[in-house]
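Chains X and E, in that order, are what the protein sequence lines are. Here the numbering used here runs 1 ahead of the position in the first sequence, where the first position is 1. Here the numbering used here runs 1 ahead of the position in the second sequence, where the first position is 1.
Everything labelled a hint here was simulated from the structure, so no lab data went into it. In this text, a Cβ means the ideal position worked out from N, Cα and C, and glycines have one as well. Please note that the accuracy of each hint is not assured.
As the list claims (entries may be wrong) - Taking lysine-lysine pairs in the DSS-like style, the calculated list, with each CA pair at most 25 angstroms apart, reads:
{"#": "1", "chain 1": "E", "residue 1": "K58", "chain 2": "E", "residue 2": "K68"}
{"#": "2", "chain 1": "X", "residue 1": "K45", "chain 2": "E", "residue 2": "K38"}
{"#": "3", "chain 1": "X", "residue 1": "K10", "chain 2": "E", "residue 2": "K42"}
{"#": "4", "chain 1": "E", "residue 1": "K41", "chain 2": "X", "residue 2": "K45"}
{"#": "5", "chain 1": "X", "residue 1": "K10", "chain 2": "E", "residue 2": "K68"}
What the hints assert, rightly or not - With beta-carbon atoms standing in for the labels, derived distance ranges:
{"#": "6", "chain 1": "X", "residue 1": "G41", "chain 2": "E", "residue 2": "T19", "range": "23 to 31 angstroms"}
{"#": "7", "chain 1": "X", "residue 1": "N63", "chain 2": "E", "residue 2": "T19", "range": "42 to 50 angstroms"}
{"#": "8", "chain 1": "X", "residue 1": "G41", "chain 2": "E", "residue 2": "Q81", "range": "23 to 31 angstroms"}
{"#": "9", "chain 1": "X", "residue 1": "P9", "chain 2": "E", "residue 2": "E40", "range": "18 to 26 angstroms"}
{"#": "10", "chain 1": "E", "residue 1": "D67", "chain 2": "X", "residue 2": "G41", "range": "26 to 34 angstroms"}
{"#": "11", "chain 1": "X", "residue 1": "T8", "chain 2": "E", "residue 2": "K68", "range": "35 to 43 angstroms"}
As the list claims (entries may be wrong) - Not everything, but these chain E residues come out facing chain X in the computed CB check (under 7 angstroms):
{"#": "12", "residue": "K42"}
{"#": "13", "residue": "F46"}
{"#": "14", "residue": "D99"}
{"#": "15", "residue": "F103"}
{"#": "16", "residue": "G104"}
Here are the chains, one letter per residue:
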Amino acid sequence: NAGVTQTPKFRILKIGQSMTLQCTQDMNHNYMYWYRQDPGMGLKLIYYSVGAGITDKGEVPNGYNVSRSTTEDFPLRLELAAPSQTSVYFCASSYGLGTPSNQPQHFGDGTRLSIL
Amino acid sequence: EDKVVQSPLSLVVHEGDTVTLNCSYEVTNFRSLLWYKQEKKAPTFLFMLTSSGIEKKSGRLSSILDKKELFSILNITATQTGDSAVYLCAVEENFNTDKLIFGTGTRLQVFP
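Based on the provided sequences and hints, a complete structural model is requested.
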């Protein structure tokens, strides 16, 4: 089972460039999330989605955009890359409300992004 | 402001030792508390706790939640080098979003 798949695994950007981090899941999960993890820190929520066409801001949304046109895909867009966005980005998914309880979020392997 | 605090930040032990990792929280609408293990890549799920006083156990790992005192502990007995990782505690908010609030993690290093 593929689970949550993120691409690319690594990327180096120059300041001001833009890019899209891809995330797809094959578990038919309703909810999807984007987190960033800075060195020695926990994960902070950037954006989340409770279904196709529905997105909302998390704790640290500035400088990012998302879309959710399908249940499977939840791309994260950086429009004008800044050094402060150097981090490891994790995508996650879960069943969500109305589905079996006690189902945790499942994480992808992450994208390591450096802005120079 | 909702927060999750883990202690200690770092722990170095020898194989065979027993360790206790702590997680305290202040969250307005608590739904559940989760423990994840993070090695080099994705956090992997260990436990989800929703009720006080009920121990969850998986092999040498166990965890318990105290909803009155707002904390949880993760115990690892007879540690092995493969237990070396960052252990993350997260609290799930009781909204229609399943959002998680993470602590900063405890880095455990187990030496032979």
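Cross-check of the supplied hints:
1. K58/E <-> K68/E: With Cα atoms ~18 angstroms apart, K58/E and K68/E stay inside 25 angstroms; holds.
2. K45/X <-> K38/E: holds, 16 angstroms
3. K10/X <-> K42/E: holds, 10 angstroms
4. K41/E <-> K45/X: Given that 25 angstroms is the threshold and the Cα spacing comes to 18 angstroms, the pair holds.
5. K10/X <-> K68/E: Between K10/X and K68/E the Cα gap is close to 38 angstroms, so the pair fails against 25 angstroms, i.e. violated.
6. G41/X <-> T19/E: 23 to 31 angstroms: Between G41/X and T19/E, where Cβ atoms are some 25 angstroms apart, the hint holds.
7. N63/X <-> T19/E: 42 to 50 angstroms: At roughly 43 angstroms between Cβ atoms, T19/E and N63/X fall inside 42 to 50 angstroms, so the hint holds.
8. G41/X <-> Q81/E: 23 to 31 angstroms: holds, 24 angstroms
9. P9/X <-> E40/E: 18 to 26 angstroms: Cβ of P9/X to Cβ of E40/E: about 20 angstroms, so the range 18 to 26 angstroms holds.
10. D67/E <-> G41/X: 26 to 34 angstroms: The hint (26 to 34 angstroms, Cβ to Cβ) holds, given that D67/E and G41/X are roughly 27 angstroms apart.
11. T8/X <-> K68/E: 35 to 43 angstroms: With Cβ atoms ~40 angstroms apart, the hint holds.
12. K42: holds, 4 angstroms
13. F46: holds, 4 angstroms
14. D99: Constraint on D99/E satisfied, holds at 5 angstroms.
15. F103: Holds, because the Cβ-Cβ distance from F103/E to chain X comes to roughly 4 angstroms (cut-off 7 angstroms).
16. G104: holds, 5 angstroms
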